[in-house]
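Chains as they are written, first to last, in the numbering used here: chain C, 2 to 249; chain G, 649 to 1009; chain D, 840 to 908.
In short, the hints are calculated from the structure, not lab data.
Please read all numbers here as calculations on a predicted model, not as lab measurements.
Some hints here could point you the wrong way.
In silico DSS-like pairs for lysine-lysine, Cα to Cα no more than 30 Å straight-line [unchecked claim]:
(1) C:K13 x D:K844
(2) G:K855 x C:K17
(3) C:K17 x D:K896
(4) C:K17 x D:K907
(5) C:K10 x D:K862
(6) G:K872 x C:K88
(7) D:K844 x C:K17
(8) G:K695 x G:K855
(9) C:K88 x G:K809
(10) C:K13 x D:K867
Have a look at the derived ranges for each label pair, beta carbon to beta carbon [to be verified]:
(11) D:N846 x G:E883: 44 to 54 Å
(12) C:H220 x D:M840: 34 to 44 Å
(13) G:E687 x C:E228: 29 to 39 Å
Note that CB positions come from ideal geometry on N, CA and C, so glycine has one too.
One letter stands for each residue in the lines below.
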Amino acid sequence: MQAVFSVPKSMKENFKYTFCPGCDHGIAIRLVAELIDELNLRENTICSTCVGCSVFLYDFLNIDCVEAPHGRACASATGVKRANPDKFVFTYQGDGDFASIGFAESMHTAIRGENISAICINNTTFGMTGGQLGPTTLMGQVTTTSPFGRNKEYYGYPIKIAEQVALCDGTAFSARVALDTIPHINQAKLALKKAFEVQLNGLGFGFVEILSSCPTNWHMTPHDAHEWVKNEMIPVFPLGVFKDLMEK
Amino acid sequence: MDDKKVLIKGNYAIAQASINAGCQCYFGYPITPQTEIGEYLSAEMPKLGRGYVSAESELAAINMVVGAASTGAKVMTSSSSCAVALMQETLSYACSDELPVVLVNVMRAGPGLGYVYPAQGDYNQAVYGGGNGDYKIIVLAPSTVQECIDYTYRAFYLARKYRNPVILLADGLLGQMMEPASFGKNPYPEVDVSSWALSGAKGRDGKAIYSCARDEKAHIQKIKDLFKKFEVITENETSYEEFETDDAEIILTAFGSMTRNIKASIKVLREKGIKAGGFRPITLSPFPAKRIYELASQGKNFAVVEMNMGQMWKDVKFAVEGQSYVSLINRPCGEWLSVEEIVSSVENILRTKEGEYASCI
Amino acid sequence: MGFIKINNIRCKSCYLCVETCPKGLIKKSDKTNRLGDYLVEFTDNENSCVACAMCAKRCPDLAIEVYKD
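The shape of chain C in the complex, shown without the other chains:
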């Protein structure tokens, strides 16, 4: 009997995700854990976690973690890396954390070319607080704070994070991936690997934006939520690699 797929070694023993049923956070964390195993990074990694649904990362991953205040994960990771240039340092944030309250910290970390990796889960909403309008909420999307749908008069437009990050000179890799289908999940892992490898090669800021489902706050079944990612999110947030210094 041969194990084809098992729980990555970097996951904590007897962990149980606290995410809602059908939430893609669990897949993103699994991919991170698999890469930490494959690149043999577990004993040399420090993660800067954020505030939001991803706050309990340290309950799932068996690695060293420091919690940053809301939006400051990239700044905190900068501190970790500058004091410990030999450590592998990454952040795991939501879109509200990375691109709303922490946009200045995130962008400046990219602009400085800080040698860290950053992962941003984009589910178009503030998940933990119950589905409010966030920086990535789609036009027309109904949330608890855009009850009539997002319009430009009241709310302005959603932000395209991966493209913005790619514009920064210090960015070594920036991509947007999704977790709605198995091929997309496989591509997401490849992108995360690149974002890790640019750091390991000292090339600068590695970034992956992951389009993720939020069935609870979208008021959808897990199936419908993934259909929504495919039909509504991906047309607005196109998947792809927007910058890759490894290719040059």
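Mind docking chains G and D on chain C? Use the hints.
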């Protein structure tokens, strides 16, 4: 480092002392009147192979400090008043996370943007904090450039010894003043941080440093433990200076660089036959309330002299517990209260015979 | 020949595995979890599972392990 005296500006003294104390990384954002600290370190840290980041904001700077401190590194940021206000959220996190953060606040005048002339208006901000929840920070207030050096050494030591943020509360006067001072040697021993610092989980399970509470009972216990720790800090580290208090009828009380003026005022008052003494808390937090209570119980009255609207005055009154009178001689900001102004105010206080006297000049 | 093990403690009954399995080997079960949600079960009477692991990759809760004989 030798004991040779050099003529040096307060800001540069703090910066060089942080290097001597072993500061591995500095993260900062410019603001007058403390910018020379960042300027000095931007030149010196790279030569030593240490970290320096011109942060995009004070928010980022203090969070870089927290990140680096979580790995047990000696780190520092410096700023001033309205910009230290931006750091309050993270100071609350750092206290809860028990991280050895060193923050230098070279005070300017508030509220709001205020102005670049000196003031002591951040006593409350430093001692009571602007962050959320129950937490306590160690606050050291130097009065000379020499003390800027000595207390910088002490700040790094206390931060790591107690795993607690420390604020070095200087002011624009000290930051911009040149005085002879010697760096000597950092007198404090190294503190072992390996039991808690993040290092990458080599040969062990992952560790997490966080303030997020999951369980109510554990949360309550954690806050109680933090306050118990501060009781130990109060017991061990409370420090103050007294000048001629033995026979004093009125004790001029000041912190930071106002200490210089009360020392001179005591001399003048004594020449005039007034039995004046002086008291100067070195640690504003923990506050030397016990000693103030003892002095008050001997019937000595107090006159608090400070460059704000009476922020430390409240604490002295609280410590005195109504045993004697606590007057206030103050100005909100700007030109330091002169010896003449202090002396004439004390004379006015003594003429009123009874009751407390507040004289905002 | 492949087979899977489902961890009923981690499973949150999102049923994404049910629609993912190309051979339809995972179905809703009659058993429920603590919350009363129907769990899923793996039935492979004709030994058609090839251990492609798509169900495990799709599972957001890491509740599926895949083996090959």
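Against the structure, the hints:
no., hint, result
1, C:K13 x D:K844, "holds (19 Å)"
2, G:K855 x C:K17, "holds (18 Å)"
3, C:K17 x D:K896, "holds (17 Å)"
4, C:K17 x D:K907, "holds (25 Å)"
5, C:K10 x D:K862, "holds (29 Å)"
6, G:K872 x C:K88, "violated (34 Å)"
7, D:K844 x C:K17, "holds (16 Å)"
8, G:K695 x G:K855, "violated (33 Å)"
9, C:K88 x G:K809, "holds (25 Å)"
10, C:K13 x D:K867, "holds (28 Å)"
11, D:N846 x G:E883: 44 to 54 Å, "holds (52 Å)"
12, C:H220 x D:M840: 34 to 44 Å, "holds (41 Å)"
13, G:E687 x C:E228: 29 to 39 Å, "violated (57 Å)"
In summary, the structure is inconsistent with hints 6, 8 and 13 from the numbered list given earlier, while agreeing with the others.
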